[in-house]
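Asker: Now for the letters of each chain:
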Amino acid sequence: MNVELQLDPRRTVPAWLAYGTPVLTVLAALAVGGVALVALNVDPVDAYGVMFVETLTSQFGLTEVLVRAVPLILAGLAVYLPLKAGLFNIGAEGQLLLGALAGTWVAVNVSLPAVALLPLMFLAACVAGAFWAGIPAWLRAKWDVNEIITSLLLTFVAQELQSYLLRGPMQGGTGNFPQSARFSDAATLPPLAGLVPGGESIPLFADVHAGLLVAVAAVVATYVVMTKTRLGFEVTFVGSNDEAARQAGMSRHTVYLFVFLLGGAFAALGGIAEIAGSQGRFRAAFAPGYGFTAIPIALLGRNSAVKVTLAGLFFAVLFVGGSSVEVAFGVPAALVEIIQALVILFLITSEFFKRYRVGIAFDRRGNDAPADATGGDARW
Amino acid sequence: MVSFAAGLLNATVQAATVLLLAGLGELISERAGVLNLGVEGMMLVGALGGFVVTAVTGNYWLGFGVGIACGMALAAVHAFLCISLKSNQVISGVMLTLLGTGLTTFFGSGWVQESITGFPQMTFPIVGRYLVHLPLVGEAFFRSTATDYLALLAVPVVWFFLYRSNLGLEIIAVGEDPEMADTMGVPVFKFRYLAVIIGGGFAGAAGAHLSLAFSQLWVPGMTVGRGWIAVALVVFAQWRPSRMLVGAYLFGLLDALQLRSQSLSLALDPNAPLAGVLNPLVNTLMNPQIMSTYPYLTTIAVLSYAVIRTESVRLAVPSALLQSYNREMD
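Quick mapping for you: the protein sequence lines, in order, are chains Z and E.
Using UniProt numbering, the first residue of the first sequence is number 1, and each one after it goes up by one.
Using UniProt numbering, the first residue of the second sequence is number 1, and each one after it goes up by one.
Rather than coming from a laboratory, the hints here were simulated on the basis of the structure.
For clarity, every value in this text was computed on a predicted model and none was experimentally measured.
Treat the hints with caution; some may be incorrect.
Stated by the list, open to error - Below, simulated BS3-like cross-link-like pairs (lysine-lysine); rule was C-alpha separation at most 30 Å, straight line:
1) Z:354 with Z:228
2) E:86 with Z:354
3) Z:142 with E:86
Bound conformation, chain E alone:
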């Protein structure tokens, strides 16, 4: 049982990293008032870009950097359409996902059989040598890939950036009330561009982590909906980086459980009362496909609950989310 739990925790950390990186990026973008439904597309572009560069140069750090840059480049398209051309953010985001999926499937088809040496497992620098021997959590948290550590580190960094730096607070202001921010001298358009492109960089990093550390190969459409979960996660986390950490690990746990649910048996003794009803029910609820619906259903529930009970739960949805900013005095 302990080895099962330790293995599960290990898988949770790996699954959570992807969601954490992509989710933090989307959070920054939405905090500036721009919804980006293109996370899935940006992740795929980052995954393929990072993979190709690593395969050619053999340098996975270079690949990781290129993956980030690819995500940023695609996000810049979204920024241009939504901020400068004031296009509808939903449509533009869907377009971005289609474009990213299409482009990577089209140009990535030749790279499917390639193999690379991606990020190796390493013990956490300095303290990891001792902490890795901790029961249960040691292996999961202190022997991982560098990208796993980076994702965890990103949480306090993003938190500090958003709430403690001038730039971050101005980005939040731009997402809450762009007119007011503009009046105060904050360059609304510039900061929205910045937030969207940083968000794209995070999505690209999530994709590159997927192809360089998580699976170390390229398969078209390899994100399998994780980008959409990241979008859902921002709602779940109510636009706060700390809750993003909780959410990513919760959703990561579901992801890991789902892969291992077959080896987990929760059946009652068939002679126990209600076993005839409960066992099929538990079986269905523990089915891997049914378990995959939980993140989506949970998010819908959280979103509805938060909207319905606004007086008791402060939902931090940026007030200007989905609104393009017009500087005209008409």
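One chain only, chain Z, in its complex shape:
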């Protein structure tokens, strides 16, 4: 008996599929992640209880989630923007690191009052991040050099640069740890409580730093640019139909440079906000792959900046909950990495079901019937 899959390309995606996909994806990833937990003799219900319920119901957990979400959302935008133009920026990690390095250099070497120093740090970070993202963007726009490979390779260059600087010219503090000198108070982001009217009365705001405002501003800016401006429209147009956009007289070069430069600047903001807001000094391992986590974040939220924010918050919960699970059950925090990978895996699987309607045909005669013209490739 031959079993043959029948694939029909869909013209429209049914609403339940469009809205259900992110939720189902996450649930499926958690379910398979549970299998890994069972393999280590940990009850997945208990573990996920610690991971999500305790994180989301405790003051400490919620604070940590908001703090972690800042670099994740900003790096997510750095992947999301080029994705809208049909480009892949898988080097957000490098842009984040380079921005953080530039911002740290200013923080450690310039003495100014906080009002001037903090903007200068963030500006330096933006310039460095945009520059790092600008290299693959320029090579792609000008010469058609594949931006995937170049942005990725530049990430590894950034990691080595970071390692060099923190062991050498930028090494500060006692001991030989690869880290910078501690930031002065003027270079430290204040907690939200003092900045927002009535902030003192909101318990969460005592420990969440002002970087959250930066992230919110970036999301709002991205949303406005993408939905309300001509440039945002051009980005979407180039992303959906490169050739038609060219015919309409739109400049691919401008669009490519715009999405990468802005994205790189956002990733850099995430890096320096994390350091100036919660770390207090540049430590070598301060960003545990935020820039790579940005890829599933941008994929989950590929439709809008608001969804990127939600996805960023979800991964922040995973990170925070992951460390709680590590402490409570002795399970390696790599569980978070596995769940991340599974989210991507199920997400790209569901993309297939969005594009094709799948049916199964049984050929009971058992002979090799000629493949149907519209679904002939389906046997693989």
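Put chain E on the given structure of chain Z with help from the hints.
Answerer: Chain E only, in chain Z's frame:
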């Protein structure tokens, strides 16, 4: 100086083997039109799988085989997603690396303290007995682990497979023009699966070599970016096995130099002209971390140069790389 050079060469051979195996696998996969950014993940899975089996059974050849199989299994996931489900190859590859890193860190945490007896150093069969006494190159090339010899042997084998066997030529055809290949009766989907899975086997072998011969222990994330270098190396080698050999040894040399750069002093006499400028510059350029950026920067330069000067440098990038094949007539 001679002993320094001989030691450096020895370290180069060892560092090059990992890159050579992983790079050849990625080359085969990309020749069929499938970019696999999961090399790092497949290597780690191969390294842990091979290590665990060797630790349990004490048989390192069995461990090596299981390492290869683990790499193949992970590559099969990529093949299914990219070929059958026509998913984006970049996303799927990144997923594979995340998955491999996560799974091996998660399940490998208990194996960190284990010790094994891995591949021993051996002289090359038959002729090695005489050639090992050659100055400089003797020890490096003729007293090594079996996996080092296998990696070197793999270069002509892959070359012969790709350019002289029917199957290899058909795999190249599938990567250049799948429609045409399909018209000629080449089973595009089957051969792409085959190439990706063979590529995964090579990555698994590279990982198993790392844990069974190179370091003889398991540490989470022990590939430290070598998988990404292998991806870069394919671009550097312009999709040709012979240049892969050159590239792997060049990058291996950088790797070995980087570890030994402290013991190498290139400082000018402080009174010499320009010493004040040149010495700090040379110091910075010879810094181990700065040296680690060279492979990546070189690859970006080679890629850009080759793309910009396409008329004078024939870049053998497979035309259908990154494109999923749709057999529909729409």
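Asker: Could you run down the list of hints and mark each one as holding or not?
Answerer: Verification of the hints:
The suggested pairing of residue 354 of chain Z with residue 228 of chain Z holds, with an alpha-carbon distance near 28 Å, which does not exceed 30 Å. Taken as a hint, the residue 86 of chain E and residue 354 of chain Z pair is honoured in the structure, with Cα atoms around 12 Å apart against an allowance of 30 Å. Proximity of residue 142 of chain Z to residue 86 of chain E is assessed by CA-CA distance (about 29 Å); at most 30 Å being required, the pair is judged to hold.
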